[in-house]
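Visitor: In this text, residue positions in the sequence shown follow numbering that gives the first Met the number 0: the first is 0, and each later residue adds one.
In case anyone wonders, no lab produced these hints; they're calculated from the structure.
Among the hints, a few may not be true.
In silico DMTMM-like links for lysine to aspartate or glutamate, alpha-carbon gap of 25 Å or less [as the list claims (entries may be wrong)]:
no.	residue 1	residue 2
1	K44	D20
2	K765	E754
3	K765	D809
4	K765	D703
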Amino acid sequence: MLAAWRDSPTRLREDATTEADLVHAGYRDRLLTELAQNAADAAVKAGVPGRITVQCTGRTLSVANTGAPLDISGVHALTALRASGKSGSGGETGRFGVGFTAVLTASEELEFRSTSGSLRFSRELTRAALSDSGVAVPEAGNGFVPPVLRLAWPVAAAPRPGSETEIVLSLREGVDPVALLESMRAEAVDLLLELPALREIRIGDDVVRAETGDSGFAGVSELRISGPGTEQGWWQFRTARARWLLPLRDGVPVPAGPDVLRAPTRSDEELSLPAVLIADIPMQPDRRRVLPGNRLAELAAGYADFARALPRRSRLVLVPAPAFARSETDGLLREAILRELRTGVWLPVVAAPSDAEGDEVPRDGDADGDGDRVAVPARASVYPDLTPELAGLLGGVLDPLVDPDLSGARYAEALAALEVHRLGPARLAELCAGLERSASWWFALYSALEPFVTDPLTVEELGALPVPLADGRLVTGPRTVVLDDELAALPAAVPVHWARLVHPEAAHPLLARLGAQQAGIADLLSDPALQAELTEHPADPDTIEAVLRLAAAAGTTELPDWLGMLELSDSSGGARPADELLLPDAPLIELLVPDSPFTVVAGEVVAEYGAEALRAIGVGWDFGVVAETDPTGPDHHLDDEETWWAGLSEDPAELVAVRDLDLVDDAAWPEALWRLLTTERTRPLLGDPDGYTAWWLRHYARIDGIALGGYRHPADIEFAGLLPELPITGLSAVDLDALRGCLADPGALDLALVETLLEALSDNEKSPAAEVVSLVHARLGAAVPRLDLTALDPPDRVRALSGAVIDAGDALVLDRPWFGLAVPADRLVVADPATAADLAVLLDLPVVSEQVEAEVLGAGHETNWTEEPLGVVLRGLFALPPQQGPLILHDELRIRLTGAVDRTVTVPWWRDGTATHVLRPGRPG
């Protein structure tokens with residue numbers, strides 16, 4: 000070497016510069032790391048566990064190790080730059096002559112002691128050798144510093160006992176021994192992690208040991224490193240070009256923190272991977288950076304196998320968390336690892352049914368050793384927060400489906416990075432469409448889904464969830480179906496085919512939360528779909544069976560009258576609508592006319608379903624009732640319904656009416672009224688004068704030949720002497736009040752009652768009081784504006800004020816009260832002056848003021864109402880309003896009548912225009 004330097008001073012400068020560069024740049028702070036690599040290589044070569052012992056005495060540092068001693072190739076490597084005696088085929092990692100340069104960071108005087116021979120390296124000895132050999136020293140501004148490791152001198156010193164090699168360094172000035180040892184202690188754990196050939200590092204009195212054991216998982220070993228104040232563990236997995244280590248915390252794998260690429264020792268390539276990477280990859284000479292052109296992606300090969308080897312719950316720990324890459328190398332490795340994980344078969348999924356097909360079936364390596372299913376993540380789906388119960392039901396439906404243990408929110412980012420398809424409730428509902436499953440399976444599905452339904456959005460997303468029906472169909476959407484808990488209590492299943500009724504075994508409370516309608520038996524029997532079914536197929540045996548079974552269970556609930564369309568067998572062997580049938584012992588049978596269209600229901604039908612069920616759907620017992628809310632017209636098949644409807648001022652909000660009243664025999668009306676009064680459903684209808692029932696009874700029900708509207712309530716004295724009371728014995732006052740709507744009403748005279756009253760007034764056999772006659776005439780006059788007078792014939796005889804029945808040609812209607820003082824009472828028909836003109840029109844009679852002229856005889860004494868004492872008294876006595884005309888007093892007030900009445904009479908008062916004539920009270924005699 001001295002000769003080479005002598006011949007080429009430039010080479011001396013190059014060697015010195017290269018060594019200085021390695022010391023100050025490439026191998027700074029790598030003293031123990033590089034010596035540990037050499038020790039690990041020696042241990043591998045010797046096939047023994049590697050052990051390192053570091054001692055510092057004063058300013059002398061000793062680093063000893065076990066393993067193969069120094070050989071001739073090692074000597075050449077120590078004294079040559081970038082030349083190693085190792086091929087790497089034996090698992091070596093160090094490069095003698097390069098990494099060994101790190102010793103110069105702490106010393107310029109050192110010995111390499113080995114059992115095969117020892118060497119000394121010294122800057123001062125090298126400087127002296129240069130001088131003694133006449134080697135020209137290059138000029139340098141700060142003085143030339145010769146290399147240390149290019150020349151070696153043999154020494155006789157041997158390594159410490161128990162070691163094959165020992166490096167002894169005389170620490171140069173500026174190196175703190177305490178700090179140096181402390182930095183080495185900090186490196187010990189990493190070195191044992193990186194260099195598996197090493198098993199122990201002793202620094203002073205502190206010992207750090209590494210032990211490798213079985214993890215219990217195929218291909219995974221457990222590495223534990225212990226020392227003063229530290230106890231750490233890793234799961235270790237080897238691939239073709241890398242070793243991956245996953246930290247353990249309390250025996251559970253956790254992601255590694257930010258780290259660097261280790262090749263095998265620490266480099267400056269920062270990484271953010273979840274596992275520590277120790278790679279077999281070419282590095283730059285200073286081992287800090289990866290050589291350009293390296294195929295970093297190849298390091299990820301087999302990473303998915305590591306994931307598959309881990310426990311199912313721990314596998315997603317190996318997925319890199321979303322983050323910015325910490326270096327270019329980190330970015331390339333992250334992409335390669337995610338690509339490896341996305342396409343590898345390792346992600347735990349739910350077990351599929353035995354008849355499932357596809358690449359994810361547990362076969363051909365797609366199952367773990369314990370038989371659990373795994374799948375390619377990119378082909379899998381995840382249902383967030385999947386429960387074991389839901390997973391057990393969805394296996395094979397959503398296939399492959401990520402295992403419940405890996406479906407929680409904590410794994411969402413990892414699964415997203417793996418491009419696992421995320422399923423929501425809407426997609427779940429869509430995929431369940433058309434599944435052929437039992438009703439109990441659907442019930443279990445609803446139970447498993449119920450915990451997920453916590454907000455309106457989820458309710459909306461599950462809107463297309465399939466629901467099995469009682470008739471065997473599977474329909475889409477809970478909002479379209481009906482729940483009925485009452486059916487479950489029936490002794491036998493009832494096929495309600497007209498309604499989308501949920502199968503009893505699938506009826507779950509969740510369906511109601513998702514929009515299913517709750518419906519009882521009465522609701523099912525009121526379903527418009529049933530009405531449509533009865534319209535089209537009234538004799539369908541299944542419908543008959545279902546309706547009558549439900550009606551038997553409906554209890555006392557009022558059912559729609561259109562159920563009477565259901566056709567049942569009658570006693571003659573034919574079939575009739577239920578509302579045209581009577582029960583065999585129905586009381587109504589005795590009340591009907593002989594040619595009534597009603598027939599008796601067959602006895603076997605009564606025996607099969609019971610009388611109560613038949614009555615509930617309209618088979619007659621008592622009078623039937625028609626009911627409808629918001630009716631739109633007279634379309635209920637009631638007798639003369641059109642006439643009643645036409646007389647209403649507005650459409651009724653509800654129609655409730657007794658039907659078939661026209662079929663009652665006239666002779667049976669007393670008993671029929673008793674039936675109507677004693678039936679809870681019909682009694683209220685008798686008291687509603689505007690309702691159809693009371694209207695019809697007033698006009699058409701006859702007792703003793705008189706319509707009910709021609710009878711008066713005992714309390715209505717206005718008709719006393721004209722109309723009879725109801726001739727039914729035993730009626731209480733309460734019963735009579737209940738019937739009031741069917742009787743003559745003084746406050747509501749219709750055309751029929753007007754005719755009845757006019758007939759009664761002209762009947763000589765009747766003797767009403769004068770006041771009754773006057774009140775009735777007043778009612779008649781008030782009713783005229785509401786009547787169609789073209790339907791009335793004026794009476795030939797009328798009732799006069801005197802009570803006499805007179806010819807209409809002799810009668811005059813009193814329109815001005817004072818004429819009543821002068822015209823004979825047997826000529827006057829008296830009413831309310833305000834309605835006298837209307838009464839005259841009704842009776843086709845003249846009013847008296849138009850047929851009789853009146854003249855006041857004598858002038859009298861004219862005064863006024865305010866000055867005349869008699870005027871003040873009269874106003875107070877009769878509560879008169881202020882009078883505008885004159886007040887004329889007469890000692891004798893005589894009136895001469897001419898025209899229809901010709902006479903002269905004395906009267907107490909008279910009106911002539913605005914003047915009031917009054918007979919002066921007699922003076923005291």
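Visitor: Each hint needs a verdict: does it hold in this structure or not?
Guide: Structure-based check of all given hints:
no. : hint        : result
1   : K44 - D20   : 30 Å, violated
2   : K765 - E754 : 16 Å, holds
3   : K765 - D809 : 20 Å, holds
4   : K765 - D703 : 18 Å, holds
The structure is inconsistent with hint 1 alone, although it conforms to all the rest.
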